[in-house]
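**Student:** Could you build all of it, start to finish, from the sequences and the hints given here?
The listed protein sequences correspond, in order, to chains A and B. Once you know that position 253 of the first sequence is 253 in the numbering used here, the rest is easy, because the numbers rise by one and skip nothing. Once you know that position 156 of the second sequence is 664 in the numbering used here, the rest is easy, because the numbers rise by one and skip nothing.
If you are wondering where the hints come from, they were derived from the structure by calculation, not from laboratory data.
Straight line, CA to CA, 27 angstroms or less: simulated BS3-like cross-link-like pairs of lysine-lysine:
hint : chain 1 : residue 1 : chain 2 : residue 2
1    : A       : Lys-448   : B       : Lys-860
2    : A       : Lys-75    : B       : Lys-655
3    : A       : Lys-62    : B       : Lys-655
4    : B       : Lys-867   : A       : Lys-53
5    : B       : Lys-984   : A       : Lys-359
6    : A       : Lys-237   : A       : Lys-279
Estimated spans, in silico, between C-beta atoms of each pair:
hint : chain 1 : residue 1 : chain 2 : residue 2 : range
7    : A       : Glu-74    : B       : Lys-533   : 36 to 44 angstroms
8    : A       : Glu-157   : B       : Lys-583   : 16 to 24 angstroms
9    : A       : Ala-402   : B       : Lys-583   : 21 to 29 angstroms
10   : B       : Glu-1000  : A       : Lys-51    : 49 to 57 angstroms
11   : B       : Lys-583   : A       : Glu-240   : 40 to 48 angstroms
12   : A       : Asp-76    : B       : Glu-665   : 22 to 30 angstroms
13   : A       : Glu-502   : B       : Gly-844   : 37 to 45 angstroms
14   : B       : Asp-557   : A       : Asn-14    : 21 to 29 angstroms
15   : A       : Gly-336   : B       : Lys-745   : 36 to 44 angstroms
Partial list, derived from the structure: chain B residues whose beta carbon lies under 8 angstroms from chain A:
hint : residue
16   : His-525
17   : Thr-537
18   : His-551
19   : His-569
20   : Phe-579
21   : Leu-591
22   : Cys-632
23   : Ser-729
24   : Met-863
25   : Ile-875
26   : Lys-893
27   : Gly-894
28   : Asp-895
A quick note: this is a predicted structure, and the numbers were derived from the prediction, not measured. Ideal Cβ placement from N, Cα and C applies to all residues, glycine included.
The chain contents come next:
Number of protein chains: 2
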Amino acid sequence: MGDINNNSAFDYENLFHNNILPHGKIGITEDFLHRFTDLIFKHLVKANDRKEKVIDFTHPHKLEADFNENFQIEKDPLSLEKLMVDCQRVMDLSVKTAHPRMFNQLFSGCDLVSMVAAWVTAGCNSSMYTHEMAPAFNLIENLTLQKMGKMCGWDEECDGLFNPGGSISNLYAVQTALHYHFPQTKDNGLFGMPRLVMFISAHSHYSMSRAAAILGMGTESLKKVPVDSQGKFIPEKLEEMVLEAKQKGEVPFFVCCTAGTTVLGAYDPIEPTLEICKKYNMWCHIDAAWGGACLLSEKHKGLMKGVERADSVTWNPHKLMGALIQCSAFLVKRKGILASCNKMNASYLFQKDKMYDIKYDTGDKTIQCGRNIDAFKCWLMWRAKGDSGIEAQIDQLWHCAALLYSECKRRDAFEMVMENPECTNVCFWYVPPSLQHLDRKSPEFMEKINAVAPKIKERMMLKGSMMIGYQPLDDKPNFFRMVFANQATKDEDVYFLCDEIERLGQDL
Amino acid sequence: MGDINNNSAFDYENLFHNNILPHGKIGITEDFLHRFTDLIFKHLVKANDRKEKVIDFTHPHKLEADFNENFQIEKDPLSLEKLMVDCQRVMDLSVKTAHPRMFNQLFSGCDLVSMVAAWVTAGCNSSMYTHEMAPAFNLIENLTLQKMGKMCGWDEECDGLFNPGGSISNLYAVQTALHYHFPQTKDNGLFGMPRLVMFISAHSHYSMSRAAAILGMGTESLKKVPVDSQGKFIPEKLEEMVLEAKQKGEVPFFVCCTAGTTVLGAYDPIEPTLEICKKYNMWCHIDAAWGGACLLSEKHKGLMKGVERADSVTWNPHKLMGALIQCSAFLVKRKGILASCNKMNASYLFQKDKMYDIKYDTGDKTIQCGRNIDAFKCWLMWRAKGDSGIEAQIDQLWHCAALLYSECKRRDAFEMVMENPECTNVCFWYVPPSLQHLDRKSPEFMEKINAVAPKIKERMMLKGSMMIGYQPLDDKPNFFRMVFANQATKDEDVYFLCDEIERLGQDL
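**Tutor:** Structure representation (C-alpha cells):
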C-alpha cells in the first residue's frame, strides 16, 4: 500500500483517528486531507480517461460475501492507512460517473466546481433550518431559487426549496396544491373527504404515484392521460377525463405536465393545459426535473412555453445542468404557501423572540427538519460558468442528441422508437443481422428483440466500455434509451456508442 | 487575494472552469483541488481553536443587501480565483460547527473521517437506487444498518434505509405502520376510513405532527400523552387515551416512544409501552434520533431497555455519534415491508431482466428516487473508531453533562429545569443578581426571567464566544438547553460555559 502514501512523511499504518483533529496534530491533519484529495483526484483523472472502464462490474452476491468478510465494523479502531485503502477500493468498485461514456442515468459527469462546493459544505457541516446556523447558505439558496424563478419567466419573487431529489420536489407540488385547495386537511386529514384526483401523463415519472400514495390519497387518485406518438399527453383527453371524474363525484385539483419525460424526453403541452386548469380550478405543476435546463438556452427554451403561468415547477440542476447529486429545486409562485403548509411552530427551534428577523429561517417551510446544503453546489457551478457557459453546455448536449439521431437513421441496424426527439433522449432498437429478415410486427421478432438490449447491456457492463439504460414502454419491447447529460461527452463518443453496440450485438 | 494562493504556481485570476477537467488540464485540476483542501483545512483549524469565534454574526437583512450586490449569478463566467474568494467568504460567515463551544443544536463537531467520506461520495457523484449504479455503497449501507439493528438487540436481519434526516425517518415509521395495518390505503387512500390515531409524548419531536399532516391523517390524528416530572410520557395515561379513542370510534394503530426528547433528553418508558401496544395491536416505534447512541455504551444502554422488541427505530448517527450531517437511519424489523409499501414498479429503473440479482437494488424501498450516499459517512467513521472508540466518545459526552449538572447545582445563579437528566441535555435558568430576591412563582419573576436567555444568547452571538439554544416549554419561561454532542468538548469548556453565562448576564 506504499503507493497510496508515497508523497507522505507520515506513517499512516500507525496513525489513528485520534491523531488528527480535534484530538491530534494539525500537521498530520493537513497531510491526511491532502492524501484523500490525491485519492479522489486520481479517481477523477481515471474517470475522465476514455481508455478506462466506466465500471468494473462484480455480481452483488460475490461482492457481498467479500464485504461481509472484510468490511464489517469492528470492535477496535482501524489505522488511517486502512481507511485510505478502504476508500480506494470503494472508488475502484464504483461507477465512474464522470466518464464521458456513462449514459445510464438522467445525470452524468462530475462537475469539479460543484464537487468542491460539496467539499466546502461538508467542511462547514451545517444544516439549512435557520439563519442562525446557516446564514450564508440560506441567502445563497434564495438567490439561486429566485434566479431559477426568473428563468421560468416569473416576475415576482417566488417561494421554493432545494430538496433531496425530484421525487421529494414532486411530493411538495402535490402537497402544496392540496393545501391551497383544501387547507383544512392539514389538521383534519382526508377522512370523510370526497375522492380527490390528479392528472398526469401516462409517461410521467413514478414519483407522482408515490406522492399520491404517501399523501393518503392512494394511487387510485392518479389518472393517467394518454400520450400521442411523440409521447406528449393529449389535452383533449385530459379535459374529457376531468369531466368524467367530476361526473363520478370525484374532485380534480391537480395536473402535472412533464417537461422532459423519463424515457422519451417528451414535453407535455403546457399552454392548452393551463387553459383547462383555469377552467376547472386545478393547480398546474410542471415536472421539469429532467428537461428544465432548456430554459437556459435561447434555442430550446420554447419547449416550455407557458411555464411563466404555471403554479409550480420541479427542476433538478443535478441533471442536465450538471450540478452534483442531489440538487433538486421546487419552485412555487405563491409566496408563503410552503410555510403555511408545513409550519408546526416548534418553539425550541424557531423562537419568536430571536435577536434577528426570523423570516430568514427556512426550517418551517419544509417536510424535513435538518436539511442538506444543496443549493450551494448549484450556485457555485453556475457562478463559475455564468449563464453563457451553462447555455453552451446545454446546447452541446442537444447537439449530441441530434448527432446520435442522424447516426441512428444512417445505420441500417438501428431503428428509432420515436422520430424527432425534443430533449436529449434518443430511443432506439439495435436489430442484429440475424433478426433483420423478420417481420417487425411478428411475435417472433418481438420476443427476440426484447432480449437484445439486456444482452448487450450485460456485455457492455462486463467489458466496462460504456453504460446505457434500456427498458420496455407500453407495448414496445426493450429498447435503448440514450440520454446526454455529461458535459465531457463529445462527437467521438456518439460514434463510439453506435460502433460499440454493433460490436457487442452483431452475433445475437 | 494573493494569500489564498500563495502556494500555487498557477494564476487563478486568469483561469476558468474550462481550464480544469473535463475540458482543461490535469495539472491545474490537481492544484485546484489541493487549493480548496487548503481553504477547508484552514477553516477547520480555526474552528478547533478555542480563541476563535464560534460565529461572526451579521444580521440577515444586512447580509442580504451585500449578497444581492455581490453574490448574484451572472451572465459571464467567474475566474477560479473568484470562486476561492467566494468560498472563503462563505466559510468565514458560517457557524464553526466544529468549535468545541458550539452547543446550539443536536449535532456538533466535524468528524474528519466522516468528512473525507463525504468528499469521496462527492467525487463518486452517484445515487443509491441500484446495485448497478452504487454497488459498494449499497452493500455498505446494508452492513451499517445490520450493525445498528444488532445494537438494538434485533436477532434477525432487519430492513432499513439511510434518509435525509430524522423527520423523514419518522415519516417512514408512520407510513410503514400504516401500510402494515391498512395495506389497502396505498391504492385506495384514506377516503372513507375511520379516523386513525397515533400516540406520542407531549414532548416528542414536531416531525411526528408533520408526518400525520403529510400522510393525509392530519395533525388531529396525533394524541399527545402527558409527561411526568422527568419529561417521560406516562404509560397509564397512554392506555387511558387509547381506550378513550376507541370509545369514540377512532382507530389507534401507532405509538412512538421518544428515546431522548429534543429539549429535556427524556427517555420514554419502552417496556410498559410494548405491553400496551401488544394488547391493543399497535405499532411501537422508537424515535431515538437523538438518544440512540446510548446503545453503544455499556454504561448507558439500559436507557433503551425494550428496544429489542420494538417494531422500528429512528436513529441519527449525525447527532451523538458525530457523523457528518445528514445521516439518519430508519430501522424496521419486518424485512420486505419497505418495498411493499413504496414499490411502484418503474420499469425503466428496476428492470426485471437485469443481469444480476435485483434484490440488491434499494430504490423501490424509498419515497425518493435518487438518494444521497449517507451511510458511507457513518460506516467509515465507525470503522475508524471501532465500537470501543465510539463508546469512549459517548461516555465522554455523558461525563460532560454530569459535570455541567454538578456545576449548575454548585453555583447559586443557576437553577435546574429538571433534576437528574438522563441524556446529555442539561436544562437550566441563569438567574441574574437583580432577580435573585424575587419570588420564583411571581408573575414579575416569570416575565423577567423569560427575557434573560434571549438577551444572553444575543450577547454570546455578537461576541461569538459560544452558541447555546434556549426555549420555553409548557408553562416554563425561556431556559437554556445545553446539549453535549461534540467530541472536541472538554471539562474546561463546561467551566467556561458557566463562567461566560455569568459574565454575559450578571448586569441583567
